[in-house]
Amino acid sequence: MATFRRLLGFLRPYRPAVALSAVLAALAMGATVVIPWLTGQAIDQIRGGDSSDLDRLGILIAVAGVGRLVLTVSRRLVAGRVSLAVEQDLRQGLYSHMLSLELAFFDRQQTGQLMSRATVDLQAVRFFLGYGLVFILQSALTIVLAAVAMLLVDPVLAAISLLPVPFVVLIAARYGRRARPAQQAVQQRLAELTADAEESIGGIRVVKAFAREDRQLERFAGTTARVFDQEMIATKLSAFYQPLIGFLPQIGLACVLLIGGRRVVSEHITLGDFAAFYAYLLMLLSPMRQLGMSLGLAQRATASGARMFEILDRAAEITAPAGAQPLPAGNGHVELRDVTFGYAGTPAPTLHDVSLDVPAGTTVALVGATGSGKTTLVQLLGRLYDVDEGAVLIDGADVRSLDPVELRQSIAIVDDAPFLFSTTIADNIAYARGGADHVDRADIEQAARRAQAHEFIATLPDGYDTRVGERGLTLSGGQRQRVAIARALLADPRVLVLDDATSAVDASTEQQITAALREAMAGRTTFIIAHRLSTIALADTIVVVEDGRIVAEGTHDELVGESPLYAEIVEKGLPDQVFLNRNPVEREVAGF
Amino acid sequence: MRAEQAAGLSRRDDLRRRLRATGGRRRKVRGLMELLRPYRGRTALMFVALILGTAASLAPAPLAKQAIDRGITKGDLGALNLIVVLFVASALIVWGTSYVQTYLTNWVGQRALQDLRLDIFEHLQEMPVGFYERRPAGVLISRLTNDVEALNSLVTDAVTTLFQASLTLVGSVVILLLFDVNLALLTFLIFPVMAVASFAFRIASADAFKRTRETIGAITAYLQETLSGIRVMRSFAQEPRHLGRFGALNAANRQANMTTVNLNAAYFPAVEFISSLATVGILLYGGHQVLQGDVTVGVLVGFIAALNGFFDPISQLSQVYTTYQSGMAALDKIFELLDERPDLTDKPGAVDLPRPLRGEVEFDDVTFAYSTDEGTKTALADVSLHVPPGQTVALVGATGAGKSTLAKLAARFYDPTSGRILVDGHDLRDVTMRSLRSQMGIVPQEGFLFSGTLRDNIAFGIAEGDPVDDAHLEDACRAVGAWGFVERLEHGLDTEIGERGVQLSAGQRQLVAFARALVADPSILVLDEATSNVDLHTETVIEQGLRRLLAGRTAIVIAHRLSTIRQAGRIVVLEGGRIVESGTHDELLAAEGRYWQLYRDWAEQAAA
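Going down the list, the sequences are from chains A and B.
Going by the numbering used here, 540 is the number at position 540 of the first sequence; the sequence numbering is gapless.
Take any residue in the second sequence, note its place counting from 1, add 1000, and you have its number in the numbering used here.
If you are wondering where the hints come from, they were derived from the structure by calculation, not from laboratory data.
Be a bit skeptical, because a hint or two may be false.
[As the list claims (entries may be wrong)] Straight-line distance between alpha carbons at most 20 Å, and here's what the computed DMTMM-like set of lysine to aspartate or glutamate pairs gives:
no.: 1; chain 1: B; residue 1: Lys1333; chain 2: A; residue 2: Glu198
no.: 2; chain 1: B; residue 1: Lys1347; chain 2: A; residue 2: Glu198
no.: 3; chain 1: B; residue 1: Lys1028; chain 2: B; residue 2: Glu1340
no.: 4; chain 1: B; residue 1: Lys1333; chain 2: B; residue 2: Glu1149
no.: 5; chain 1: B; residue 1: Lys1377; chain 2: B; residue 2: Glu1575
no.: 6; chain 1: B; residue 1: Lys1074; chain 2: A; residue 2: Glu267
Remember, predicted model here, so these are calculated numbers, not experimental data.
The task is simple: from the sequences and hints, build the whole structure.
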């Protein structure tokens, strides 16, 4: 119930419009209820053989009709706009809240779950707030008004003929409750079917290679059979409920005929009353159904609302501190003081007591096995996560005392599987500076040249304006990395982080990139995480990380003697794996 | 179970033949009939229920009229009772028949669509690899999903609505004419008004609906993308920009939706209004007729009651129209796909390759050109290569040199434009594809894994019905070095590996692909070495696994690792679609040719 009240809170900014549409709906219903009554009056006139008032009644019905038309059109226009405004508010509110939450939140949530809050659940809530409430109000009002009118004419007949109403409402509500999940399950099965088709088509080479077409067909047959079965579950529900919901009101009509007819014969009521009764019941057919369905909608919206509030109620953990100080001037002096950090939900900390002082403008290479904590360390710099103990300082200021936006704009990270947005290449490179519209094309190209990306971009169908990503061209891993390096360079950061950023680039290109990077790294602090010696060689200092601790620190020559771990890396880490045609970049059609 | 499946298969073969055989202008309608043909009996029963139910649903209005005229006005309670009994009986018939009809319609419709889906799928599976390279996967998937769904509403909703609404309409017309001709004709005046209004509304709102769907699709896609890219957004502090963009998409959606709201606001109240006008007309005109004694009061009440049965069918029919259009468009696309014939099939009289193969592969003056938008492009020219049984050939060369093409031709993903490819002396075009592929292992670069368990994936090459022996799978895993991580998994071989194997690391996926190839125990192996960056330990494991996999087989390897190249029995250097050098590592270094240059470049960098 609390959730329900909070949901209604979304309507608060539109209180006048909501009130207006409620008034309009009530008036329209009044007009609607008057029509059968007037009709009944007219029939009595006709039956009585007196036509004096007939024309007047006809005009009144027409007037009521016009009134209803005007009122209903206005009500729909007002309520429809409120509904759309609420939808927009809800969606924007949820999205902006999600964006304010810390990364740790996203680590714990599957994207699919978040998507479903912002689509399926939001849909249920807005449907209820936008239409459900109006339907409930309108249907309830119609039923009440019609019932009052009928009771005034003949209480006994009214009581009998209205008997099916509560049953219809309850059964329709029950149907709405049960049909929804069944329909959603159908959608789920269809999604599985899509996934299955995607897999079979994506993996067609493997299927053909092993000549296993029969297996795929059988699997797909199973998937289609599951769609069929679920469709039939949903069908059985609708085949059962819908005719039942249609049948019950007919009992009411039969009662009107049987009992109402007798009461006309015994002259308790007139034939006009009888006709009005009949018309009222016909009129109630759809409100009964709608009221039931809307009650189902309300229940669903409450459940969905609760799930949305789960996200909306979560306070952002990493925010700008009150009175954030501006980033002090400097060239990126980075200091980690006794930093301990663990991801939520993992038993042991990922970093223990890490202290590291990186003077401004120098390059430090982090080396160590996968999972040793290198990536975690660099993510603390831009306060993507907050340390558990200790502090991270940039140019002397604790990152927690700074405005996160300013801080992050001074740090650029390139990781091994960089994410590009599905927009143009130029837009992606200019990402940190507000997109391609805000940056000179010449600057974009210069960044691309430095990252050794210009050459391949020039060969793309639309050059820098080629769209990439889901709805555009698929770039290879090496191409993506180079675009991401260009993106980071254009951000002109104080601190540059290259986290395995050239892992998918072939050896000769990497050599060119590192040459260009040498120049780009001048005047800024750079963190390099790499497996290749040639890249590691760029660093002034090498830091060896093992199990979340810094185990050695020094130059290449120092470490070869001092650190057995480093010596092993040097010995085995010769770029043996990268030879001659190691060129996944313009790999011919994926898969071969 | 087996027999049932076989029956299903032959039924679908038959369906495809019949669908293709249809032609001419009415092809699509005939195509739909063909889909329903296997379910004639149920379809007929459905129509019986439909007609009966519609007839019964028309009964209340005339019965109400009879109740007034025969029973109430005359005070004949016996007649009234009888009429009420008939009334309840008709309601019961409607109840029963609509149950049967709803159930059967969906049953038949869904079955037919299931058949169609399987048909399309089977057709896709028959198409050669080249077919897939010309088309985005999304388009093909859309045929199986969206297009079939568009047919769904046509088959299950539209067809019944079409019949039901038309019958109701005709029935109402007949009843009203029987009641009173003049009054009926007066009422029919609203027909054209309603029809025009409804169709105009449907067409306009179908358009608005489409735009709403598009804008909501854009919102969902943006949401999906930015949530996936949250790390980048966060690290560059670009949240405000994305919020702004999202706001714009959101506003566009609202704008598109506004059209729908406005259309609905105009149409539905207008329909109500027309019905109240009709009521007035009937009362005024009919009222005077009653007074003159031309018609009875019962007719009047019956007319007003029948009005409702009038509006719904018109509105429903207008909806059928849009459904029909989108369904037919979908059917067009489906036919287009089904009409496409695979261009790479077993030729008549193709023979099975002997088993086991010795594993000799020969390229005899092979040239291959593929067609692009700008004409044909030669990918391989005059390649002759003889690989004796058991030898590993490493293909080396820059991107676009023709390595992949050579490998694909060996696997007969394509046929050469000229020249021949022979396996154990048999031209690949003369043998059955199944006998070739069942003895040839193909390991693509990023070993594509299927969702399901590890066991499913590793046993992928074991033919249906052949026993899957866990010990055998374990041996294969051990041989390629995959057992180390499989063993540590909580569910071992039963571990679900997720879509495309996302639960595994790149190195692990590679090892699983090796194990999968090893289980199939091919005589000839075509392998594209993975390039993904893995840590030192995994690197060593993969190297050893590969060595075990290659041992004792003929292998054509697109090699990326020096260790692999060094160990190859022969290195073939390709450039511009031609073989420029061939020999062992030592021979080629001694020759100081292209390979030697590449090696020197690498060595220099390694020393840097």
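Status of each hint after checking the structure:
1. Restraint check for B:Lys1333 and A:Glu198: the C-alpha separation of about 18 Å stays at or below 20 Å, so the hint holds.
2. Between B:Lys1347 and A:Glu198, the direct Cα distance comes to roughly 30 Å. Violation of the 20 Å bound is thereby established for this hinted pair.
3. Of the pairs offered as hints, the one joining B:Lys1028 and B:Glu1340 holds, with about 17 Å between alpha carbons and a cut-off of 20 Å not exceeded.
4. Distance check on the hinted pair: B:Lys1333 and B:Glu1149 sit about 13 Å apart at the alpha-carbon level, within 20 Å; holds.
5. Under the criterion of a C-alpha separation no larger than 20 Å, the hint pairing B:Lys1377 with B:Glu1575 is consistent with the structure, at around 15 Å.
6. Under the criterion of a C-alpha separation no larger than 20 Å, the hint pairing B:Lys1074 with A:Glu267 is consistent with the structure, at around 13 Å.
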